[in-house]
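Protein chains: 4
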Amino acid sequence: MHFASDNSGPVPQQILDALAAANRGYAMGYGADAEMAEVTARIREIFEAPEAAVYLVATGTAANVLALSTLAQPWQTVFCTRPAHINMDECNAPEFYTGGAKLTLVTEADKMTSEGLRAAIEGEETRGVHGPQRGPVSLTQVTEFGTVYSLTELQAVCAAAKEYGLPVHMDGARFTNALVSLGCTPAEMTWKAGVDAVSFGGTKNGCLGVEAVIFFDPRHAEEFEYRRKRGAHLFSKHRYLSAQMLAYLNDDLWLKNARAANAKAALLAEGLEAAGAHFTHPAQANMIFAALPRRRHQELFAAGAIYHLWDGLLQGPEHELVTARFVCDWSVPDEAIRAFLSLL
Amino acid sequence: MHFASDNSGPVPQQILDALAAANRGYAMGYGADAEMAEVTARIREIFEAPEAAVYLVATGTAANVLALSTLAQPWQTVFCTRPAHINMDECNAPEFYTGGAKLTLVTEADKMTSEGLRAAIEGEETRGVHGPQRGPVSLTQVTEFGTVYSLTELQAVCAAAKEYGLPVHMDGARFTNALVSLGCTPAEMTWKAGVDAVSFGGTKNGCLGVEAVIFFDPRHAEEFEYRRKRGAHLFSKHRYLSAQMLAYLNDDLWLKNARAANAKAALLAEGLEAAGAHFTHPAQANMIFAALPRRRHQELFAAGAIYHLWDGLLQGPEHELVTARFVCDWSVPDEAIRAFLSLL
Amino acid sequence: MHFASDNSGPVPQQILDALAAANRGYAMGYGADAEMAEVTARIREIFEAPEAAVYLVATGTAANVLALSTLAQPWQTVFCTRPAHINMDECNAPEFYTGGAKLTLVTEADKMTSEGLRAAIEGEETRGVHGPQRGPVSLTQVTEFGTVYSLTELQAVCAAAKEYGLPVHMDGARFTNALVSLGCTPAEMTWKAGVDAVSFGGTKNGCLGVEAVIFFDPRHAEEFEYRRKRGAHLFSKHRYLSAQMLAYLNDDLWLKNARAANAKAALLAEGLEAAGAHFTHPAQANMIFAALPRRRHQELFAAGAIYHLWDGLLQGPEHELVTARFVCDWSVPDEAIRAFLSLL
Amino acid sequence: MHFASDNSGPVPQQILDALAAANRGYAMGYGADAEMAEVTARIREIFEAPEAAVYLVATGTAANVLALSTLAQPWQTVFCTRPAHINMDECNAPEFYTGGAKLTLVTEADKMTSEGLRAAIEGEETRGVHGPQRGPVSLTQVTEFGTVYSLTELQAVCAAAKEYGLPVHMDGARFTNALVSLGCTPAEMTWKAGVDAVSFGGTKNGCLGVEAVIFFDPRHAEEFEYRRKRGAHLFSKHRYLSAQMLAYLNDDLWLKNARAANAKAALLAEGLEAAGAHFTHPAQANMIFAALPRRRHQELFAAGAIYHLWDGLLQGPEHELVTARFVCDWSVPDEAIRAFLSLL
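Residue numbers (our numbering), protein chains in the order written: chain A, -13 to 330; chain B, -13 to 330; chain C, -13 to 330; chain D, -13 to 330.
Do not rely on the hints blindly, as some may be mistaken.
[What the hints assert, rightly or not] Here are the simulated distance ranges between beta carbons:
hint, chain 1, residue 1, chain 2, residue 2, range
1, D, 95, C, 20, 28 to 36 Å
2, A, 137, D, 149, 28 to 36 Å
3, D, 14, B, 3, 24 to 32 Å
4, C, 207, D, 204, 24 to 32 Å
[Unchecked claim] Partial list, derived from the structure: chain A residues whose beta carbon lies under 8 Å from chain C:
hint, residue
5, 0
6, 11
7, 210
8, 223
9, 319
10, 323
11, 324
These aren't lab readings, by the way, just hints derived from the structure by calculation. As the structure is a computational prediction, the values presented were derived from the model and not from experiment. Positions of the beta carbon are idealized from the N, C-alpha and C atoms, including for glycine.
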């Protein structure tokens, strides 16, 4: 009954097997391994983007901040939501990597809208050289509250950014969970909608630790390479990153894992709903934000369930509603979900 | 009829005379001039702070960001209001000088309250090492909307910061305008209330370009000196900064200028009120934010008045109210105010 | 016949096994995994340093620059040799992470001496606040030219640093190769000699990608944690870093690998010497810098040997001596060495 | 008998008069003053560069580091000499402003040569993405040792830079002293020789504190404006910077001051030579580096002379030669020089 995070489960055997397979003989370092050439080809194919520049790093924060710092100037501001990982969970890494760019919070909510974005953009650069200049837009798909931008929503947000000539970055730590939720193609969810750069997550969806950064316009490639090395994110034994990503993309493992995680979350959500939980956000991928009376949380925790309370403490009035976050990864056993639901 | 800014008027003759007086013979550079020793002594006396570390720089932004970067770590966030100069008008200089610290906006309003600040502080550092850590609080006195924190308000805000062990910085670009408005002592408005560092403005109140940075705890002195030099803000011919500041402090010039500016603004506000203007903020120092029908602005501009519209354009429906900012410095002639008011 | 780098070979099966063993069930992320507690205990034991702060990152550059930025202020200069990895091979990562500190090159040679270091230190801070201030000393053990500081040499360099109150960092990307070469204890090679922080390498000696940063004074711990997160080097699925390091330290794998690598390099060096190669630096660990006539290189390359020429090109006068770097890792087969030597 | 620095003397009356003249009525801030338009026009005319972008800042370090950071990427290295002001006297401001670029020291000497520069450039970028990338070349004219690059020398250095596509920055803190020494035009000493950006000094040659940054290619203009504001170097009451620069350029004051300073230094050098001083560098502008027996220095200091010893202390063996730096500014009275020489 472990629903704390999709980074706390194990990885599928295929990933470990791929490491073992890559662990043969000598290989060029720093991204010049044979596996990386395959990764690039595969990602270009999947994204229908034959010119895309593709890079691997080991953490989602690295993917985000290296991508953003390639798109943003230090005197600009990055438009994002308040709950955005880059705002809440990266300990100022975006500010560090960009050399001091600012984040402008478009909304308190999980998703930005084109109207909200437009208003936020209009709110900046009203004072010539005095204020921050407008910089890239960064959105998270799946959002930090488990919701998914529809293609129409994505297109609208990107269109608003484009009106002002601003590039769009997608934090896709849970990219594939969104993709299978929408049932669209990677191209539709990115460059066809107007996205310029993607942090394409592997870690939360079954890898040990690997994320791809994809620029659809390859002119960013050279700068990114310097930034990656300067950020200390270029791996010498790069083949072990490549092998993970390759196994992840092979045989639809990425899609299968995401479908599994989303299905498990749906099962969990169904049970929560049946138990009268109040959903603060619609559960559209593999994360659920739902409120239960505190007493219920106390019982569940006592019974061994593991998850995070989001807006309250475990102690307090028994009947008060407290929101919790439940996350499913590909590996959570259905029995665990059933066991959990039976407690409800 | 020039009310655009208190940095657009001339400087009093005493300041120019002081430059001429300092322009004799040879002087040690980089702050080792005899005048600077006097400045330090004088400021320590005025602030009743015999241990204070005192430095001069030439711009208000430099004073703010050098002070803040001495108080903040790069992984921290600085608490300020949305309209704060450090947020709106310094083109990411705080982020640059702190090495990538963030700003957390406590409120949309001109002033933070102790409750608002406490809530903002509580909102940060909820995620261990993942989010930004709590850093200094920075408030502006006179605020960017022309209002003045009362001593009680100041004390409450500082007390909230101290509960969390956070240092307090005061952006005092219009320090003296606030001081004479409150009728208190510099000590009362700063360290006695809980302020740790002050940007003590000279430029907006009659100097060519000089601001003092004051740390009441001298342990910050050494670091500040490296930061100032590294920021390219250490003047070789420093005596000309010192001379300005000394003339500013001598014979109560600083107080006289601020009193004059505030009195002129009061006269202007009175006239605006009589003319039915709607004040968006109480005019408590030398800046007025007041709304007039657009037609009035059109007439006033046509008659040669110079000031900034704050929330609208000159063209539009005639009767719509449009807020404007009117600033008086020490030098604006009473006739100009009367001429302006007669137009109303 | 692959002697290009100790980051191009495979990892021992124990490391992969450890990943598989760690790949069970759910684990806390971000360093709170059970394996990390073991890693810390083990490293403290090995280093006889029960208070040491221990962290894992995935690249050697990350270890170096996170350690250095914790020890250095932005207005300081780091003392190192010209060939130092931090100077030559990290694309300005030290300057980036320190917020703009400088590197002062103590010597062109592989090793700094206490005299050289003293002279370099004396050469800085001669101009008060105007020049860079003296900061940490960073030395590499094994050096970038395959030589090893003796304990006496280390002690002398550290003593010189301590005379000026400067902390000492050791880039130990090949720490264990040096350790077994000297036949001393980890404590003797570090804190007993005067070293304050170590980048303790795993990657070049058999891991997929893991390095420990060790501070003997735990007061640096908190700051390091913020810097690691802010640098995007905190792993969510941290157990896979811990597992590698643990397997590396268990059953003396680290020592065995390093002994194997050094022995293989010694065998290679012997053969090179017999073949009349000129050694530009004594081969004291697992790297050899030796010159051969260009013709020899041409023959060796044609026969499939892989290594780097260090000071010349493959084309040119046949009899000219060209220095090459030969690196052995734990995995290079003895037959490969014999095959290579038979070509000589 | 004050020869310590050309930043310790007074400013000519014309500069103060210009401040007084500018001190009339209201003026737009932040560089939009009428005087600045005149400054730009005048500098374009003087430099025969009708497209040049021209900006004013108040310190030489600001001019240098804002110019360099506009030309350099953070992953690049700036080529300069060891004695360069940017290396020795700016407390890591170049590293700070560039976001962590490095300085590569071309030579220990006062001047770089095209051969030395070429060798230094060739020494970088030998390792792909691993090392720093090649960035701008920065040279100082007059050098930090009082020597002047001839036009031929300048052209050769710039040509070497251009071979590699690298931009050239000139630190012209003593630009005019070099100009009148060479007897050439500003265009010949800059863009015609291959210089892309100049820090055109005013402060050391008679201003209170003003330097122009000139880019001959105006595409750098926009970025520079953001960098200047973000660096806190944009003056609100900008007219007082403009007025200084305008007075400096009017009536050939800049040329007259530099000619006076150089002539005074020549007089001093002549006397020093007659007294048997040993010149460590040829005195070609307004700075002299000459060695005298320590006893002489003791006598001169005792008699009230003020200057800096450069390579030794005042106490020590009496007959040992100790080098001193003597600087003349425009204002040093001929009697002071004669008095000094009579002591010799």
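Going down the list of hints, with the structure as the test:
1. Here the CB-CB span from residue 95 of chain D to residue 20 of chain C is close to 60 Å, at odds with the stated 28 to 36 Å.
2. For residue 137 of chain A paired with residue 149 of chain D, a C-beta distance near 51 Å fails the hint of 28 to 36 Å.
3. Range check, residue 14 of chain D to residue 3 of chain B: Cβ separation about 26 Å, and the 24 to 32 Å hint holds.
4. Under the hint 24 to 32 Å, the C-beta atoms of residue 207 of chain C and residue 204 of chain D, about 50 Å apart, miss the expected range.
5. Annotation: interface hint on residue 0 of chain A violated; nearest CB of chain C at approximately 12 Å, more than 8 Å.
6. Given the 8 Å rule on beta carbons, the hint for residue 11 of chain A holds: about 7 Å separates it from the nearest Cβ of chain C.
7. With 8 Å as the threshold, the beta carbon of residue 210 of chain A stays out of range of chain C, its nearest partner Cβ sitting at about 12 Å, so the hint is violated.
8. Checking residue 223 of chain A against chain C: minimum C-beta separation of about 6 Å stays under 8 Å; hint holds.
9. Evaluation of the residue 319 of chain A hint against chain C yields a violated restraint, the C-beta minimum of about 10 Å exceeding 8 Å.
10. A least Cβ separation of about 14 Å between residue 323 of chain A and chain C goes past the 8 Å threshold, and the interface hint is therefore violated.
11. Given the 8 Å rule on beta carbons, the hint for residue 324 of chain A is violated: about 17 Å separates it from the nearest Cβ of chain C.
Going down the numbered hints, you'll see the structure goes against 1, 2, 4, 5, 7, 9, 10, 11, while the others check out.
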